[in-house]
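Asker: Based on the provided sequences and hints, a complete structural model is requested.
Per the numbering used here, the sequence shown starts with residue 1, numbered consecutively.
Treat the hints with care, since some could be wrong.
[To be verified] SDA-like cross-link-like pairs, simulated, lysine to any residue; straight-line CA separation at most 25 angstroms: (1) 137 x 72; (2) 121 x 133; (3) 29 x 40; (4) 97 x 142; (5) 121 x 38; (6) 84 x 50; (7) 65 x 81; (8) 97 x 86; (9) 107 x 96; (10) 108 x 72; (11) 84 x 102.
These aren't lab readings, by the way, just hints derived from the structure by calculation. As the structure is a computational prediction, the values presented were derived from the model and not from experiment.
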Amino acid sequence: MQLPESAFVRKDFMLRQLDFPPEVRLTKKSLLRWFALALGLISLQESRTSCLDVLDALFTLTLNKKMAPTTLDIQNFIKEKYNKEISEKLIRYHLSKLISLELLQRKKNRYYWNNAPNAEKNNLAEAFEYWVGKGIKETLQNTKDALKLLVEKYE
Numbered sequence: 001m002q003l004p005e006s007a008f009v010r011k012d013f014m015l016r017q018l019d020f021p022p023e024v025r026l027t028k029k030s031l032l033r034w035f036a037l038a039l040g041l042i043s044l045q046e047s048r049t050s051c052l053d054v055l056d057a058l059f060t061l062t063l064n065k066k067m068a069p070t071t072l073d074i075q076n077f078i079k080e081k082y083n084k085e086i087s088e089k090l091i092r093y094h095l096s097k098l099i100s101l102e103l104l105q106r107k108k109n110r111y112y113w114n115n116a117p118n119a120e121k122n123n124l125a126e127a128f129e130y131w132v133g134k135g136i137k138e139t140l141q142n143t144k145d146a147l148k149l150l151v152e153k154y155e
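Answerer: Given below as structure tokens:
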């Protein structure tokens, strides 16, 4: 049975609190794994690398090659770099997680970083703070309000 309040859910997001030791900062691969874990894009026991491959392709194509890639561009990048076949459906699945966090946009089958208002293009740290922070702040405030009302109703 579904709870009636489940209709109020606009989106889900997970943000894990992780240590950020110096050794994580040494390689792109380690930073990608840390980022994916922190955002809940991969599970703690994840053994598949498809999410990390898609993230690597996305960062490389958008930031290094200055492209707005399609899923085919990402698929070709992964095939060339990792010699792996990955379906467009799986690529779209991983990209949809970033879209739901509002970090990524899709326009005319191309993917773009969703910049924060008044921020420099591709300033992903600011975009993350703005888009994810906005949802967190709103959720915290609503939860505080609900707790205050619960206390009143139980007193």
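Asker: For every hint, state whether the structure bears it out.
Answerer: Against the structure, the hints:
1. 137 x 72: 36 angstroms, violated
2. 121 x 133: Between residue 121 and residue 133 the Cα gap is close to 18 angstroms, so the pair holds against 25 angstroms.
3. 29 x 40: Since the Cα atoms of residue 29 and residue 40 sit roughly 16 angstroms apart, the hinted pair holds (cutoff 25 angstroms).
4. 97 x 142: 23 angstroms, holds
5. 121 x 38: Holds, because 23 angstroms separates the two Cα atoms, which is no more than 25 angstroms.
6. 84 x 50: Between residue 84 and residue 50 the Cα gap is close to 9 angstroms, so the pair holds against 25 angstroms.
7. 65 x 81: Status holds; Cα separation ~14 angstroms.
8. 97 x 86: Holds: residue 97 and residue 86 sit about 17 angstroms apart, inside 25 angstroms.
9. 107 x 96: 13 angstroms, holds
10. 108 x 72: 13 angstroms, holds
11. 84 x 102: 28 angstroms, violated
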